[in-house]
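Protein chains: 2
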Amino acid sequence: MTIEQTPDFNKPYQNNLVPAIITDVTTGAILMLGYMNEASYALTKSTGETWFWSRERAELWHKGATSGHTQQVVSMTLDCDLDTVLIQVIPNGVACHTGRYSCFFNPVIDNDFRVNT
Amino acid sequence: MTIEQTPDFNKPYQNNLVPAIITDVTTGAILMLGYMNEASYALTKSTGETWFWSRERAELWHKGATSGHTQQVVSMTLDCDLDTVLIQVIPNGVACHTGRYSCFFNPVIDNDFRVNT
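As given, the protein sequences belong to chains A and B, one line each in that order. Numbering-wise, the working numbering comes out as the position in the first sequence, counting from 1, plus 542. Numbering-wise, the working numbering comes out as the position in the second sequence, counting from 1, plus 542.
Fair warning: there could be bad hints in the mix.
Treat identical chains as interchangeable: a pair holds within one or across any two.
Derived SDA-like pairs: lysine to any residue, alpha-carbon spacing no greater than 20 Å straight-line [as the list claims (entries may be wrong)]:
no.: 1; residue 1: 553; residue 2: 599
no.: 2; residue 1: 553; residue 2: 623
no.: 3; residue 1: 587; residue 2: 649
no.: 4; residue 1: 587; residue 2: 652
no.: 5; residue 1: 587; residue 2: 653
no.: 6; residue 1: 587; residue 2: 612
no.: 7; residue 1: 587; residue 2: 547
no.: 8; residue 1: 553; residue 2: 597
no.: 9; residue 1: 553; residue 2: 648
no.: 10; residue 1: 587; residue 2: 647
no.: 11; residue 1: 587; residue 2: 603
no.: 12; residue 1: 587; residue 2: 634
no.: 13; residue 1: 587; residue 2: 550
no.: 14; residue 1: 553; residue 2: 634
no.: 15; residue 1: 587; residue 2: 648
no.: 16; residue 1: 553; residue 2: 577
no.: 17; residue 1: 553; residue 2: 639
no.: 18; residue 1: 587; residue 2: 602
no.: 19; residue 1: 587; residue 2: 577
Everything labelled a hint here was simulated from the structure, so no lab data went into it.
Go ahead and model the full structure; you've got the sequences and the hints to work with.
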């Protein structure tokens with residue numbers, strides 16, 4: 543199923559980018575957040591693998607092109623005001639450049655009652 | 543458990559904001575993405591409810607102040623380069639201004655094999 547919805551890349555404060563939340567479709571874990579411009583968003587849709595816009599290097603970035611840790615796209619969903627995209631993937635390896643499965647590993651607060659009981 | 547890690551609000555391209563991914567700790571669903579400046583981040587930590595920076599209104603925004611749909615913070619985790627925060631919450635009502643549980647409801651691609659089988 544494909545429904546054509548388009549992100550609003552021209553919205554103020556977005557620098558012509560939309561944040562992309564990447565989750566593991568199997569575990570539900572949140573792996574990373576990257577940014578997509580119109581070209582990388584289109585490449586992600588057409589190739590079925592994630593492409594981002596590297597803000598630091600100012601270039602298109604095919605995730606896993608060097609490491610082999612590509613991300614196979616399963617679903618893409620836009621939010622209510624079309625300025626964020628949620629992408630479920632099947633990860634081929636780790637998401638983080640530190641070698642970790644997920645980029646989110648620095649706890650600030652952890653009051654998770656499920657862990658502490 | 544509280545470990546002091548601090549987001550990098552002064553990083554280029556961030557406009558002194560960090561995106562905050564909000565998830566429902568019970569269901570694991572991704573509810574919304576908002577932006578936090580240093581003040582709203584500090585308020586979120588100190589009050590235990592989510593506060594954002596409204597880019598459109600250019601003001602602090604206590605989620606649920608008007609609607610009653612506050613979000614109780616369970617955990618906060620920063621990513622590898624300290625420019626995104628992942629927050630697990632117990633939502634008191636819906637997250638989306640449209641009345642939906644989650645802001646992510648506009649499908650672009652849905653190849654979820656778990657749904658289609």
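Now the hints, each set against the structure:
1. 553 / 599: between (22 Å within a copy, 14 Å between copies)
2. 553 / 623: within (10 Å within a copy, 25 Å between copies)
3. 587 / 649: Intra 33 Å, inter 12 Å, cutoff 20 Å: inter-copy only.
4. 587 / 652: Between copies only: 11 Å across, 36 Å inside.
5. 587 / 653: between (38 Å within a copy, 12 Å between copies)
6. 587 / 612: Classified as within; 14 Å inside a copy, 35 Å across copies.
7. 587 / 547: Within one copy only: 12 Å inside a chain, 35 Å across chains, cut-off 20 Å.
8. 553 / 597: Intra 17 Å, inter 11 Å, cutoff 20 Å: intra and inter.
9. 553 / 648: So residue 553 and residue 648 pass the 20 Å test across copies only (18 Å; inside, 31 Å).
10. 587 / 647: Between copies only: 18 Å across, 29 Å inside.
11. 587 / 603: within (14 Å within a copy, 34 Å between copies)
12. 587 / 634: within (18 Å within a copy, 35 Å between copies)
13. 587 / 550: Answer is within: at 16 Å inside a copy they meet the 20 Å cutoff, but 31 Å across does not.
14. 553 / 634: The answer is neither: 33 Å in one copy and 29 Å across copies each exceed 20 Å.
15. 587 / 648: For residue 587 and residue 648, only the inter-copy Cα distance (15 Å) is at most 20 Å; the intra-copy one is 31 Å.
16. 553 / 577: Both: 14 Å inside a copy, 15 Å across copies.
17. 553 / 639: between (30 Å within a copy, 18 Å between copies)
18. 587 / 602: within (14 Å within a copy, 35 Å between copies)
19. 587 / 577: within (14 Å within a copy, 26 Å between copies)
Consistency with the previously given hints fails for number 14 only.
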